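Colleague: In the numbering used here, the protein residues as written are 1412 to 1683.
Don't take every hint at face value.
[What the hints assert, rightly or not] Here are the computed lysine to aspartate or glutamate pairs in the DMTMM-like style, where the Cα-Cα straight-line distance is at most 25 Å:
| hint | residue 1 | residue 2 |
| --- | --- | --- |
| 1 | K1419 | D1459 |
| 2 | K1551 | E1536 |
| 3 | K1436 | E1424 |
| 4 | K1551 | E1523 |
| 5 | K1436 | D1606 |
| 6 | K1492 | E1523 |
| 7 | K1453 | E1424 |
| 8 | K1501 | E1540 |
| 9 | K1501 | D1546 |
| 10 | K1518 | E1533 |
| 11 | K1622 | E1589 |
| 12 | K1588 | D1459 |
| 13 | K1599 | D1456 |
| 14 | K1599 | D1432 |
| 15 | K1501 | E1461 |
| 16 | K1518 | E1461 |
| 17 | K1419 | E1434 |
| 18 | K1595 | D1459 |
| 19 | K1419 | E1461 |
| 20 | K1532 | E1567 |
| 21 | K1518 | E1504 |
| 22 | K1599 | E1589 |
| 23 | K1414 | D1459 |
| 24 | K1501 | E1529 |
| 25 | K1622 | E1424 |
| 26 | K1492 | E1529 |
| 27 | K1551 | E1529 |
| 28 | K1622 | E1602 |
| 29 | K1492 | E1550 |
| 30 | K1501 | E1536 |
| 31 | K1414 | E1461 |
To be clear, the hints were calculated from the coordinates, so they are not data collected in a lab.
Source: prediction; values computed, not measured.
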Amino acid sequence: MDKRLSNKLTMIEGVHAYLTDHENKFSSNTGMVNTKERLLLKIGDIYDREAQRVNVRKGKMEAKETYRDHMITQGLSFSSKLFDLGNLNKNIELSAQSDFNRSALNKQRDRELLGTLEVIKENAEANIESLSVYDITPEKLQSFATMISIYRSRIESKQTSEALKSSARKTLSVLFKEANLILKSLDKMMEEFHDSEVQFYAGYKTARNIKDLGIRYRPDTQGQPIGEAGGNGENGAIGENGAREQRERREQRASENYGDGTGKCESKCKQR
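With the hints as extra help, turn the sequences into a complete structure.
Modeller: Here you go:
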């Protein structure tokens, strides 16, 4: 859930909490009590949908990471045998293409790891007869190839996960629109308390304000908020007052150096 919706949900929860604390003010109005409870149910729906949205990606990622670890283990199993075979046959290229450790493979991104596994598979296919002494059979190699295909599909399923998350976000937007309609009904019902319950009415209006909890302000060196760049207000970087003070200081220095501020050097210059 983004910051904007999170702030809005905080407001909705605050409204429900406020009305619950002051339910004695409208307990005889069954319709308003029911509307307040509908708001609570909608809050629950929003939390449920958000949990589903988060779990869509989380579940996919956890499954992919588990399979990734398994593929690294399988890749190292094949590459270690190819590395030794290359050394045995003085095949420098084969040894170089099979020289991996777990740390190096863990650092590779998904697409890069997939490419590495493909190279290991292709080298194993080219040397399948020689690998028989390492207990590598065509059946085991075929199983390894199938696992690589599955891993490729899991990498590509990330796009499906993102699509599902997008769909969940759309549904979340619908739930907030429904919550807005409930709030609108409550806003209208609250108008009957405008004159009779002034404090209760004012408190409700305060609860209805959405507070942006994500904004921070950067103070200047004197602890005052910084205004717009180039502005002339009192919060500007220099402002009209600051410019006038600078002019006055320059004139004062000129007066000290040249007497009357005309720029003509008099007694002080003669003394020099």
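Colleague: Could you check the structure against the hints above and give me the numbers of any it violates, in ascending order?
Modeller: 15, 16
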